[in-house]
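**Student:** Each chain, written out:
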Amino acid sequence: MSGASRTGSRRVASLGFGRDATDLADLALVALVVVGLLLALPTGSWVIVVAAAIPSLAADLLRGPRIPALRRMRRILLDRPQRSLVRNGAVVVGVAATPPVEPFADFAALLVAIMAVHLALTAYISLGLRRLEEEHADLQWRNLDVRGSSEGPDPLPDPVQRFLPLDGLRLLAAVEILVLAGLVLVVLGVPAAPIVLAVLAALLAAAIAAVAARAWRSGGDPPRDSDAAVAEAVAALAPEVVFYFSSPASGTYALTVWAKVIDAMRRPTLVVLREPVHLDALTAMTTPIVVAPTVAALEVVTPPSVRVVLYPTNVVRNNEMIRIPGPMHSFIGHGDSDKVGSFSPLNRMYDEIWVAGRAAIDRYAAVDEGIDLNVLRAVGRPQLAEIRRAKPATEEAQRLVVLYAPTWEGFFDEADYSSVAAMGERIVRGVLDAGAVLRFKPHPLTGHRLPAAAKARTAIEELLKRAGDGSGLVPNTPDALYTAFNEADVLISDISSVITDFLASRKPYAVTNPRDLPDEEFRALFPSSGAAELLGTDLATLPRALEDAGGTDPRRASREALAEYLLGAEQDPLDRFRDEVDAFVARADARIAAAAIPAGIRP
Amino acid sequence: MRSGGARTGVAVAVGLAYVVLALLALLPAPVPFLVLAVLLVVAELWLSRQTGEVLPLLLRSQLGVRFRLLSLDVLTAVLAARFLPERALIVALAVVSVVLLHGGRDAGGIFARRREWRRNGGPVSWRNLSVPGLPDPRTARPVAELSAPLALLTLLLPLGFAIGDATDRLSASLVAELLVIAVLALYLAGRLLQYWLLNRVSMDEVRARVQAVLETQEPEIVVHFSGRRRTVEQVLLWVPVLRELGRPCLLVVREPTHLDALEGCGIPVVFAPRSQDIELFMVRSVRLALYPSDITNINNHLLRVPGIYDVLVGHGDSDEPENRSPIARMYDEIWVAGPAGRERYAYLAAGVPERRIREIGPVRPLTAAPLPAVPGNRPVVLYAPTWENATTSTDLSSLVERGSAVLEALLARQDVRVLFAPAAPTGSRLPEYADAVAALARRVAAAGFEHAVLEPEQIPAALAAASFAVLDVSPLVSEAIRLDVPFAAPAIRGHDAAAMVERFPTLSAGAVLEDLPEDVFLALDDALGDDRRAGARAAMRAHLDGEEPQDLPRRFAAAVTDAFEAQRRRRAFARPS
Chain A
24 MSGASRTGSR RVASLGFGRD ATDLADLALV ALVVVGLLLA LPTGSWVIVV
74 AAAIPSLAAD LLRGPRIPAL RRMRRILLDR PQRSLVRNGA VVVGVAATPP
124 VEPFADFAAL LVAIMAVHLA LTAYISLGLR RLEEEHADLQ WRNLDVRGSS
174 EGPDPLPDPV QRFLPLDGLR LLAAVEILVL AGLVLVVLGV PAAPIVLAVL
224 AALLAAAIAA VAARAWRSGG DPPRDSDAAV AEAVAALAPE VVFYFSSPAS
274 GTYALTVWAK VIDAMRRPTL VVLREPVHLD ALTAMTTPIV VAPTVAALEV
324 VTPPSVRVVL YPTNVVRNNE MIRIPGPMHS FIGHGDSDKV GSFSPLNRMY
374 DEIWVAGRAA IDRYAAVDEG IDLNVLRAVG RPQLAEIRRA KPATEEAQRL
424 VVLYAPTWEG FFDEADYSSV AAMGERIVRG VLDAGAVLRF KPHPLTGHRL
474 PAAAKARTAI EELLKRAGDG SGLVPNTPDA LYTAFNEADV LISDISSVIT
524 DFLASRKPYA VTNPRDLPDE EFRALFPSSG AAELLGTDLA TLPRALEDAG
574 GTDPRRASRE ALAEYLLGAE QDPLDRFRDE VDAFVARADA RIAAAAIPAG
624 IRP
Chain B
272 MRSGGARTGV AVAVGLAYVV LALLALLPAP VPFLVLAVLL VVAELWLSRQ
322 TGEVLPLLLR SQLGVRFRLL SLDVLTAVLA ARFLPERALI VALAVVSVVL
372 LHGGRDAGGI FARRREWRRN GGPVSWRNLS VPGLPDPRTA RPVAELSAPL
422 ALLTLLLPLG FAIGDATDRL SASLVAELLV IAVLALYLAG RLLQYWLLNR
472 VSMDEVRARV QAVLETQEPE IVVHFSGRRR TVEQVLLWVP VLRELGRPCL
522 LVVREPTHLD ALEGCGIPVV FAPRSQDIEL FMVRSVRLAL YPSDITNINN
572 HLLRVPGIYD VLVGHGDSDE PENRSPIARM YDEIWVAGPA GRERYAYLAA
622 GVPERRIREI GPVRPLTAAP LPAVPGNRPV VLYAPTWENA TTSTDLSSLV
672 ERGSAVLEAL LARQDVRVLF APAAPTGSRL PEYADAVAAL ARRVAAAGFE
722 HAVLEPEQIP AALAAASFAV LDVSPLVSEA IRLDVPFAAP AIRGHDAAAM
772 VERFPTLSAG AVLEDLPEDV FLALDDALGD DRRAGARAAM RAHLDGEEPQ
822 DLPRRFAAAV TDAFEAQRRR RAFARPS
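Those sequence lines, one after another, are chains A and B. Counted the way this note's numbering counts, the first sequence spans residues 24 to 626. Counted the way this note's numbering counts, the second sequence spans residues 272 to 848.
One chain only, chain B, in its complex shape (with noise of 0.2 Å):
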């Protein structure tokens, strides 16, 4: 994150150099011009393999590294015909040397993508799994705006005119310019042989393939999950439930930055980008189809395949308006925790009929990630905002709101540790949700070394380990009331704490912050004190999980039969097509 002020200086800087380039460039002085041009092309390189934003908008979209370099290729024939008008070939072979050069710039940097992307798989991608005749994909490694040979093979013109200029020998131009054009086609034909040796399978092959070795595997079970990057835990929590059940499954991802995470988790990927590719995915074999999200409408690809059994299973149990949404109507079931989850959906009436939904018991969240280790015995008290989620209405996060006044509030008491964990897509969608979490990620480094700022993976083993949790309405309440942390959740969008405990009925086991920081005080004394909602939440546990909460295996397998069985019925039922 750098401020507006320097963007705005190296903006000036990069446009006054271009400004004297081309003054030199008309004068003519080579050995100036290339001495600037080097610089320049340094410059650019440094800027295009930096993260983060150094340059103005401006120079990122019109005015763009593209532009800029198609600049000093203008440019260089510009030099070449004010340094040497009288030498017709030597100016126009400086002309076909820049048009090569640009046009081998944008066609390095498309066969570059296109050779990673063919390398992950291609049209589609896959893990856990082997496709004969095919390499197993590796993930696409990211292509870098600005080729670094090719940026510095420009500068061998303006090489070959300052040689010129110094030494008289006119040829040390000519040979700059046909090294060039020798380079670039010798590099073009290259990339054209790779290319054409990468796509020696077709697209449709690949997938023809893909597919073949599905109906061998012979599914019976699909997972179909679609999420932003670093979502893909709402699909890994169903792992371990999936390979207890011991029957054929598999993943099948809309998003191809879910495929590392899964890489050996045990049960075959495919990553299908087109919802043609779901039909073809979509195996004889297949029965049952499981949901872990709702957020977009990409199920309908899967959902509107005949002959297979939909349920939606979501990725934890909470009041989000996404868990009594009446679109959950398109699937055949939904599976729930508990009762709660249950009532959520009979809270419309007529939104989904109660016979489409089901008690399975909790799914738990994987704590794979430890916490960072700190000396001292102080207890720890967690604030983990949501996201802001798809819409601007179904905004649940007090991040923006109110995630300043509860940090401070926390960092006041001396004798606790505190943990800022920011969900994992904040800011994906709104960018004032990053800088809120960049700022009070700040906040929290500059408040000592016990404190921190943890990663998504680490939010469970933190929960785990809170004496306190500040949380907003989502899956971490329930997780919260299963691990017996008393919690507290910020009072948001003008609610006041009767409005948002009948919105959101879980939070009625836990303090709502409405007068900050005191109400932070009160709830936190009360935590490591009394305690007086311990009671609350041994209740909402009951009404969450049910009466046999440590029994998903057995209840998700009993589930699954059922849903096989209702299929089994239904396929014989149908006409055959």
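The following block holds chain A by itself, in its conformation from the complex (with noise of 0.2 Å):
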């Protein structure tokens, strides 16, 4: 079973058992039974209410367990047991209003067959809720080898697959069908014939809680406990380096740019995650993964080996490890720009702050929050590990290779930094005319607030298209950025991370400048510009860029001087990373040492 479909039965496992699992089509399909019915009495037609039925219970045969994103409306919207009692009571209504007047048994039998069904779900559901409740597989696990599984914990088991390809609540909503075509039959005037279906149907419902009550009882199927045999297997790996990660679902990006790094580590490393949503994105790790959603699971997973905790992004969960005595711990970030807003005086809370160069030291040194600037550590950036140096000049007649990628528009005006809807089309224009190839690679929230950058985008997408021959756009995949730094021979972009990143190459790069600042204010404001070729917006230092960039390249000395402030001393940025995991595990040693922590401090 693949990461991706097991994390996503597991949260249906979770869910499967009616708790809040409606939305609103589900609301409307039961009000269209009722409004079939309000149709069928005045007409006379039964037809109509046991048609207008059919949807209802076909979605909740073939849709499943719903997620429940509507938590705030969970007062009106009707949950499954509902759903089935307004539905087979509008049939019920809709057949008996039906003249001839039908026979009394035969209405008794399907309307207990239909209570019958209600107590079997009911029961399933309850059965199953108290399950998860009395389980302990809280913790999941991924690269790491728990009893012989090296992912896991496997999804709830529901006891009615095991001899049906159905789980039991759609199998109660095709006992359903009995009913229904129970109350058809009555409606048709055939004997006998509703009453065994009702019987039938009770039957089975009965038969289905059963088996769910057998499974599931106290002393049934022994419940999924893992979670002491996750701890084990933390404990052997005995990992000295954690890194740390939560985040809402839309910010797993901030732990993948990690993800190379994680899986090159020296020392045992253990990934602890605190939403499983963020597995689906990690699935080419080898780095073994926990989930630890409760803090009763962190501590858990935080044996005492554990030297030193990295944190790529500052959220208010990270107290929940740094309450944890024992390890040091270091917030990583997870990019480094001269934008601002990525201050905060939480940052108090680490032991240390990892900058990538002298640049970001700075930065915060001009924002007195209390933070102590002996903890702020410029480690380098060692994702930039495979950005290339600028190669020697090969032959002549090689096209220059421009690579344009701009920033969005940012949430508000103040934090617009982007070049894409002011200068875009003429930058594209420009540099396509000067007879060299343009790769566009814009910021994937571009145009999301302004109308006006989404049509310039649009309009660089389509000049690119027409102008072929080695243009065109970088696709939108974690690596690419890089790929595309590695083929260019010159950036054109906007104050961002991505100009840091490119001083990697050393390669020459122009920065817009998109509200016309003197050139010097400009760069005091970015220190990031500092060795760049400046873009106003009447573009008129354009082919100077290019052409320098091409041949004579005048700011080579001043590029690797600010590269050298920004990112650190040249030297293999992975190997100086280790390199400073290695020297912060030993200052997290010296400290332990030196505190001598009485082991009832431990959990």
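If you're looking for bench data, these hints aren't it; they were derived computationally from the structure. The reader is advised that the hints may include incorrect statements.
Said to hold, decoys possible - Across the chosen pairs, the derived CB separations fall in these ranges:
id, chain 1, residue 1, chain 2, residue 2, range
1, A, 58, B, 415, 26 to 36 Å
2, B, 473, A, 593, 30 to 40 Å
3, A, 303, B, 535, 48 to 58 Å
4, B, 639, A, 166, 36 to 46 Å
Said to hold, decoys possible - Taking beta-carbon pairs under 7 Å as the criterion, some of the chain A residues facing chain B (in silico):
id, residue
5, 60
6, 62
7, 318
As the list claims (entries may be wrong) - One side only, chain B facing chain A, incomplete, derived with CB under 7 Å:
id, residue
8, 335
9, 336
10, 338
11, 377
12, 577
13, 598
14, 600
15, 772
Glycine included, every Cβ here is placed at the ideal spot set by N, Cα and C.
Take the two lone chains, each set in its own frame, and fit them into one complex as the hints suggest.
**Tutor:** This is the structure we're talking about:
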């Protein structure tokens, strides 16, 4: 079973018991049944209400458990037993109101069958929920040997699926088809058959409840109990380095930028996630991963071997790890730029804050929020290991490759550093007219806030389609940006982490100045533009920028200096990062030795 | 607390009633149907107004009152169809009526809750503060799960059919249906109007007006508090110190449950549920934020607002893990009572830098609630276990593990008055702790009138009156030392006495109870007799509170002044934003 489907099915298993598992579509389908009934009554055609009941029943049968997306509306939505009640009730009313008056016995049998289905449904849901509470299978793991499985835990097994390719909840929906058929036979005047169907439905419902009770009662199937084994496996792994990650589902990229670095660690390393949703994006990772959803689970997967914990994001749940005494903690972030807003007084909670280079330390120093500057360490950007240095000049005839990688327009005007709307099309035309190849890598959110930016983005893509001949769009895949770096001779970009990263190549770059600030002021505000050609809105400097980059390259020396300032001294960035981790572990060891933390303090 | 057997009995009775109701609808038998429906609705109304868990879990969740009344609606429609199959109009109106009844019950509950929410301020709330253009908020009243008028209205339909059946006047059914429809239409229209009236001021407007008032009040110090129900004491004990300081203050609470207790405390209070509200209310004048508790992550919301000096002040001195947590690093400073508080953080070496810790003297609990008076003059002994705490690894409560043995040992002494005082949040995380409190309370009640179970507010008075106290690691231990009350702490979680004292050094001024009941008898005898630990308590008191323990107001004021200065330097240095 693949990782994605495993996390998905676990999620469904824990929700699959009717807990808030409804949405507006279900409510609308139930309303359709009532409308069908109101049409059936005056026209005397019971067929309408039976037909109107089918979509709702089919939805319960085919759609299966729903994700509770509308918790706030839970007070008006109808849960699965309530849907079943209204649906069957409406059909009973429609059939009963159709003369001639049908025999009492048929109806009574069918109504009792409906109640049996409701009881079975409730029993099934309650038993399943109780079973989930009894279990100790909160911790998910991957790339870790837990009792012979490298990932787990398996989803809660459905007892009905042992016999049929259908889970119990859906089978109960299927049983309702028998009831519906029975009601149709009543109104058609078929003798005996309705009672047979009713008895059959009631027996099936009872059987499903019995199967669930047998498997899920206390003393039935053994509950899944993997948490202790996961804790043992983690203790056996004896991780010294933990990458700790928590974020909303949309923020997984902050961890994926570290994925290759994590897999290249020299010391025993564990990735601790707080939300299972990130697992889907980490299928390629080979480092052991555990998901610890609760504070208690977190304590269990933090054995005394852990020396250092590294945090790519700054979120409130980091508190829960930092509370655990013993390890040292460092905030490592997930990018480096001159943009405002990445800074928080909360960073005081870490023992150390690791940044790319001297520039980031200066940024912290500019805003005193009680952070001791001694806790800041420049460690380089290990993700940049795959960015190659400029190649020596090759054949004369080769065309210049220009990468245009602008940022997006930001959530506010104050945070808008983007050139796309104001200059994008003209930049692209200028580059193409100069005979160079242009690769376009817009920020994925470009056009999210401003329609003008979206329009310009589309126009640029059109331009590139027509230009052909090597020019085109860089795909939006995780590695695409750094590959594009390696293929480019020169970068044109906006104030963003892209330019800092590109400097690892030491290749020429140009930075847009869309508000036409005086050059000196601009470079003072944004040190990362220090060794760039600046492009004002008139693009007067664009031809020179392309010419210099392809020829004399007068800014080479200043780029080398700036790259060292931003990214740290020249060295294999990955080796450097691993050395930093080693040194950090040594500091943590020393601290633990000095503190002589009594055993009782550890959870 | 009711037994499982009784609950099952109720469940079976309710279930059977609905089966019989279904058969009566099918027969059709309108008069018996009415009688049974009346019984059921009255029973549901009674059940929905019971406190405690009368029904088994199933009838409170999957098959809750909403499902059961929906069943009654459906069966009423079935009755209509079986009773008058030839009269399509009456049946159709019955269907419309029951749909409206169900919708009306849902909408009525939603509107009622919304109205209460809005009357308590709406998106935010406030006390001891007047906001122009907005009425003073008042505490939301709980909304009954089942509204009586709407539930009784449900019975009008079967009544119509019963009258029709008994008198052959079928128009009665029609009248009942039209009446139900008309009443519900009026009811919903009225609720909508009320809702519209309450919502004339938008939620953003409410927040903006509260913010505007705060701008004019110019608070300099903010106390940020979040805690479980009945823990508001932790912020109340700072109120006298803050009022003596004479600077403009603001209390910010993150749960509405604290508002009532803070009404009239003399300091403006706002309830800010969202992190955005915190940013909004931190007006330019705010220079210093004080945090009396650090048990959840919610303090981060205020900590990340730049330009404010953040100080963890706690709510009393103790050896609890919270008082030496490495997370305390995220505050600019931690203010502790005395040397013992400082040492706790030094314990972990680089856990919290020494210069961030400041001793200001002990903050003392309020002794507002008196003890119940009893005749006689028996020595008072107190058992006050702490709660189970937010996580199992920081749980220091003896309640479940040793509570019963401790209490039995105390009660075995015939010549003392035993007071049992569980901490306020006990049982809020783990039900077995609530169960243990209930069991011990029953035991105390059975032991005689002179013994008593106390409310949390009475604990300070009880400790002051006690000749001997059995306590868990909590601020009460420090209080016992300050009040010179002999105390003992039960050894828990497999620790022996030596391990307890090593882990919680304050306990060295008292006895540690390993073998029960013998150690209780020994400690109690000593407390009422020689009191060999008096010297240890005196020494520990100096260690806890320092040399000038009575001078909290002056030292607090000096610490505030220094914090203001640090914050001023910082703002002057910071880049204008």
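**Student:** Hint by hint, say whether it matches the structure.
**Tutor:** The hints, checked one at a time:
At roughly 31 Å, the beta carbons of residue 58 (chain A) and residue 415 (chain B) sit within the given window of 26 to 36 Å. The given range of 30 to 40 Å is broken by residue 473 (chain B) and residue 593 (chain A), whose C-beta atoms sit roughly 58 Å from each other. Distance hint for residue 303 (chain A) and residue 535 (chain B): a CB-CB separation of about 54 Å, consistent with the stated range 48 to 58 Å. Between residue 639 (chain B) and residue 166 (chain A) the Cβ separation comes to about 58 Å, which falls outside the hinted range of 36 to 46 Å.
Contact between residue 60 (chain A) and chain B, as hinted, is supported at the beta carbon level, the nearest pair being about 6 Å apart and thus within 7 Å. A cut of 7 Å between beta carbons decides the hint on residue 62 (chain A): the least distance to chain B is about 9 Å, and the hint is violated. Satisfaction of the interface hint for residue 318 (chain A) is found here, the shortest Cβ-Cβ separation to chain B being roughly 5 Å, below the 7 Å cut-off. Given hint, residue 335 (chain B) at the interface with chain A, is violated; its Cβ is 9 Å from that chain's nearest Cβ, farther than 7 Å.
For residue 336 (chain B), the suggested interface contact is broken, since its CB lies about 12 Å from the closest CB of chain A, more than 7 Å. A least Cβ separation of about 6 Å between residue 338 (chain B) and chain A falls short of the 7 Å threshold, and the interface hint therefore holds. Satisfaction of the interface hint for residue 377 (chain B) is found here, the shortest Cβ-Cβ separation to chain A being roughly 5 Å, below the 7 Å cut-off. Hint status for residue 577 (chain B): holds, given a least beta-carbon distance of 6 Å to chain A, under 7 Å.
Because the beta carbon of residue 598 (chain B) sits about 5 Å from the nearest beta carbon in chain A, less than 7 Å, this interface hint is met. Checking residue 600 (chain B) against chain A: minimum C-beta separation of about 5 Å stays under 7 Å; hint holds. Contact between residue 772 (chain B) and chain A, as hinted, is not supported at the beta carbon level, the nearest pair being about 11 Å apart and thus beyond 7 Å.
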